[in-house]
Amino acid sequence: SQQGEEDPQALSIQEGENATMNCSYKTSINNLQWYRQNSGRGLVHLILIRSNEREKHSGRLRVTLDTSKKSSSLLITASRAADTASYFCATDPETSGSRLTFGEGTQLTVNP
Amino acid sequence: SQTIHQWPATLVQPVGSPLSLECTVEGTSNPNLYWYRQAAGRGLQLLFYSVGIGQISSEVPQNLSASRPQDRQFILSSKKLLLSDSGFYLCAWSSGAPRQFFGPGTRLTVL
Chain A
111 SQQGEEDPQA
121 LSIQEGENAT
131 MNCSYKTSIN
141 NLQWYRQNSG
151 RGLVHLILIR
161 SNEREKHSGR
171 LRVTLDTSKK
181 SSSLLITASR
191 AADTASYFCA
201 TDPETSGSRL
211 TFGEGTQLTV
221 NP
Chain B
736 SQTIHQWPAT
746 LVQPVGSPLS
756 LECTVEGTSN
766 PNLYWYRQAA
776 GRGLQLLFYS
786 VGIGQISSEV
796 PQNLSASRPQ
806 DRQFILSSKK
816 LLLSDSGFYL
826 CAWSSGAPRQ
836 FFGPGTRLTV
846 L
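Keeping their order, the protein sequence lines are chains A and B. If you read the first sequence in this note's numbering, its first letter stands for residue 111, the second for the next number, and so on. If you read the second sequence in this note's numbering, its first letter stands for residue 736, the second for the next number, and so on.
Hints are all accurate, no fakes.
Here are the simulated SDA-like pairs of lysine to any residue, each with C-alpha atoms no more than 20 angstroms apart in a straight line: (1) A:K179 to A:R160; (2) A:K179 to A:P118; (3) A:K136 to A:K180; (4) A:K166 to B:R834; (5) A:K136 to B:E794; (6) A:K166 to A:N132; (7) A:K136 to A:Q119; (8) A:K166 to A:N141; (9) A:K166 to A:T177; (10) A:K179 to A:N162; (11) A:K136 to B:Q780; (12) B:K814 to B:E757; (13) A:K179 to A:P203; (14) A:K136 to A:N162; (15) A:K180 to A:R160; (16) A:K166 to B:A832; (17) A:K179 to A:R164; (18) A:K136 to B:R777; (19) A:K136 to B:L781; (20) A:K166 to A:S134; (21) A:K136 to A:R209; (22) A:K179 to A:E163; (23) B:K814 to B:S792; (24) A:K180 to B:P833; (25) A:K136 to B:P833; (26) A:K180 to A:T137; (27) A:K166 to B:P833.
Hints are computed from structural coordinates only; laboratory data are not their basis.
Sequences are here, hints too, so could you generate the full structure?
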């Protein structure tokens, strides 16, 4: 089974609305990260939440982590057309030795 | 500041031909280096990672190999490409901290 599975696979919203993406994972982790990828580009790190943290904010981003449910969510508030991209969660398992495991991603489309 | 370069940006190769993709990092020393492959619309699959010169760990058995001839240089190679090797190849580095920094990627099409 794959670590770090996002849902939904695709999300389409209007500018100004909030976008919520979820990630589930299977093993114990040191931390969980969210990355963004514009079409045909490399990934850009957005935010990291450690296993002993429950919520973290960065600008319009809010990340939650529930280690008992092995799940995380990424909320983007007041979305903009420029937020259109794929969003990936990546887990840093306790036994990984700094190797991340990426999910399949959520494709977010923000319509102007 | 640190930067990561990959080349070429795009590549079209016939089946059975060799492959060499290069990744270099500037502005840091002794980085951890990673090669990922991404199929269209999918997540990233870790192929190789390296914690030092000459130290390569392979995550999946396949038609590819990696080498690290210098501290900040990571090369992905194949002797004979397969159709299934097509994809988007991403190089990344980290300082040992969990966050990774990605290059712009190479789009490989094997015909």
